[in-house]
Amino acid sequence: MSVALPLGTTLGQISDVVMGTVSPQERSLPVAGLAPLNRAQSGDIGFCASAKAARDLSSFRGSALLLSESLESLAPDGVPRVLVVDAYLGYAKISQWIAQARTASRPLEAAAIHPSALIDPSASIGIGVVLGPGVVIGARTRIGAGTALRANVVVQDDCEIGERCLVHPGTVIGADGFGFAPSPQGWVKIEQLGRVRIGDDVEIGANCAIDRGALEDTVIGRGTKLDNLIQVAHNVVIGEDCAIAGCVGIAGSAVIGNRVQVGGGAGILGHLSICDDVIISSMTLVASSIHEPGFYTGVYPLAPHTQWEKSAAALRHLPDLRRRLRALEQNQSKDS
Amino acid sequence: MSVALPLGTTLGQISDVVMGTVSPQERSLPVAGLAPLNRAQSGDIGFCASAKAARDLSSFRGSALLLSESLESLAPDGVPRVLVVDAYLGYAKISQWIAQARTASRPLEAAAIHPSALIDPSASIGIGVVLGPGVVIGARTRIGAGTALRANVVVQDDCEIGERCLVHPGTVIGADGFGFAPSPQGWVKIEQLGRVRIGDDVEIGANCAIDRGALEDTVIGRGTKLDNLIQVAHNVVIGEDCAIAGCVGIAGSAVIGNRVQVGGGAGILGHLSICDDVIISSMTLVASSIHEPGFYTGVYPLAPHTQWEKSAAALRHLPDLRRRLRALEQNQSKDS
Amino acid sequence: MSVALPLGTTLGQISDVVMGTVSPQERSLPVAGLAPLNRAQSGDIGFCASAKAARDLSSFRGSALLLSESLESLAPDGVPRVLVVDAYLGYAKISQWIAQARTASRPLEAAAIHPSALIDPSASIGIGVVLGPGVVIGARTRIGAGTALRANVVVQDDCEIGERCLVHPGTVIGADGFGFAPSPQGWVKIEQLGRVRIGDDVEIGANCAIDRGALEDTVIGRGTKLDNLIQVAHNVVIGEDCAIAGCVGIAGSAVIGNRVQVGGGAGILGHLSICDDVIISSMTLVASSIHEPGFYTGVYPLAPHTQWEKSAAALRHLPDLRRRLRALEQNQSKDS
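Chains as they are written, first to last, in my numbering: chain A, 69 to 404; chain B, 69 to 404; chain C, 69 to 404.
Careful, some of the hints might be misleading.
Because identical chains share one entry, a pair is satisfied inside a single copy or across any pair of copies.
As the list claims (entries may be wrong) - Cross-link-like lysine-lysine pairs, in silico, DSS-like; alpha carbons within 27 Å at most:
#1 K120 x K378
#2 K120 x K402
#3 K257 x K402
#4 K257 x K120
#5 K257 x K378
Bear in mind the hints are in silico, worked out from the structure with no lab data behind them.
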């Protein structure tokens, strides 16, 4: 199964969209659909962006290839091709080109502000902003030009969202951070008086929660992308061009650098910092600051349950094992 | 505390609902409420479906029992009873019977489509569909007969939901998958051009996020049940009759078989497959494909914090321990 | 950056708000903003509530201090100060005082019930209840006096919420619990016939899901605070004055005591109990009952990925290591 390209698309047009190269005699070749390499059928252009994907080239059944230049030697002879530095980036550009063609043919769906969206009169809404049904924009909140908030997104008072951002349905921006002082009478609420400030070109998935700051602001830097169901607590500062996968939780006052990638379901404790260019594995807990770029992991390896039971039970005895091993070593060195 | 049965319910009616057996002289016995075994009071029927629950039979204070046949020998003499192959399934049927009676007495609550629901004119809505307040249905989306979408559910463009499905409030179906190509200028959006297709008899909990596919579709098979706050990423394919507990995250392009059960908070990485009849423990990360049916676990066992600190510290030295143990073994074998 | 205090605020007023002490000659000193210690600038009052924070006292640049009495000896001479038993609690009180002043100056934002909120005619709404846009209140549901439900909160039929509660946007209360009986034809729905009952002074974050009970009720006790994206399954009973951080999942029929604190992303399995005064670390799974107050942890420590790979691989051999160590010990004791 493939996604349809605009009617009449040629390989030359594809090459132009991706700023690639194609042989002159192949420019006029028609292509009907875009597909991953292993799903392409006759009429489709398949893209190949990695040596791993290239394993599927020998069984390729499509009509043309979008190929990273470095992989050209792996492609079967005789298949028309568009060459480009990075075929994955090329695929992204074609996907945008298809989406634009779809939108152009469905002008009603691009309607700017749905009549059921509620905008506080003191809010500031930029040019070309798209607000879906049920969106709520609080007092004094500013939404930058070209930003789209999908259905039922809530942005509370005094927040700022940059330009060309995209926020998916159900996400809540600017709810109170989780702040309480203990007292003999129970928890006493700390009113959350800060804001949320989100930079340009940020994308946030569905049903996330980005809390406002307590005294300072919660900040998400330019170009950072968040997946679904992510919790960003009060006073968190996330840098630029980060990518944070689904179900991640970031606790209060954590400071995250630029180009940090966080795997799904990971957790980041509060009041710590993570430097630039760190990669955190899925479901790993970051419990103290990370000062060196690199790839970090902390997850219990899966095993058949009975095998896990044995290793988990042994784990409790690990300090004891260490002690006994040391005793053996000392005994042995005494003997020798 | 028990849940009230319809006024005038007899043990004979209960037996008919669950397709069980009851002695003729007990058919006319009135029962007023349904309760778990250890909570039943005078007038209640309590259900007992497992040997573990049967431990509470000796202190049973209710008036009648719904009992799995295999457990009959454990029941105290003289307590009226309905016997059935599986009393848990019997309980499910009684719960449905109660719910139907409630709905019948409250016709207004069963109103089909709330006036505040927004349905794109190009969408297709089956017979008997129930849409709660604030529901949003996108362009060309199809909702099968008898399906109910509760308040504020959002189903975006071009999705398909089968018949007799139930989706709880706040869930978002068809938001963009998390797809970006790296480039020297930062992340470049990959438009998500696929759809979400959900089979018949699927239930999805509250505040979930089921993303649309990138080029292919995200698929949830017939009869599969999802709990709350679950993330299903783009291109994921989930088979039939699966049960996935709350807070689970499933990453992009994972393929999950039939009858797979996933415990709460578990994670499944992308681009892997899980075969039929696998059970994953809560908070376990599946990081590679599973080819054998079975029960898999990977979770760090809880301990008092100071004890955990010692075993976690020792864990870092585990490779070193192994090495030292091997050295000792070699020394010893040299000695002997 | 600081948060502005009401115009004309004096140190004497601050002292009165926090029920602290200030020297008579400093009462009339004006203060313009409230800030954490390390962010305070000229004109600000900074608060210092812990010995750890007190490290920043030497570089303090603000104009006055809100100080816990026990820390007074650490404060630099000559800085005007308000002394109080617990400066963190004092900070909470000032935050509330600022929030009240803001609300008083913006009466329109305090509007009680938004016209787009949908309230079933059989529901009962207390005095002074605030309902945001898109809120849905089901049949026979009762909302206590002074409670606020923010935008798009859904409370389904037959639920009870106490007085002075606060529920943040997108949270769903009273959706069906996840209950199905296995059958040869697949999962059979168990209708969820219980309710949700929430005590007074409870706060619940954004995009949570609090399920209704199956036969019994799901209960959240007075004064308990929940952060965002939390799953509370059917029949769960949570005590009073608990604090549960974001992304926590609590499975069905778990019973949690009073003053329990649960770290972000932790999981609690079903059908177990946790006694009073337990603290659970972030991302820890509670898989069996806890009967002793204390601090419990179970999380795999993070490491650079290559180092983790080695320790994780060794972990699988841990039972084998134990066996070999025992063999060595026995050999050695034979030798000696």
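ask   = Which numbered hints turn out to be false for this structure?
value = 2, 3, 5
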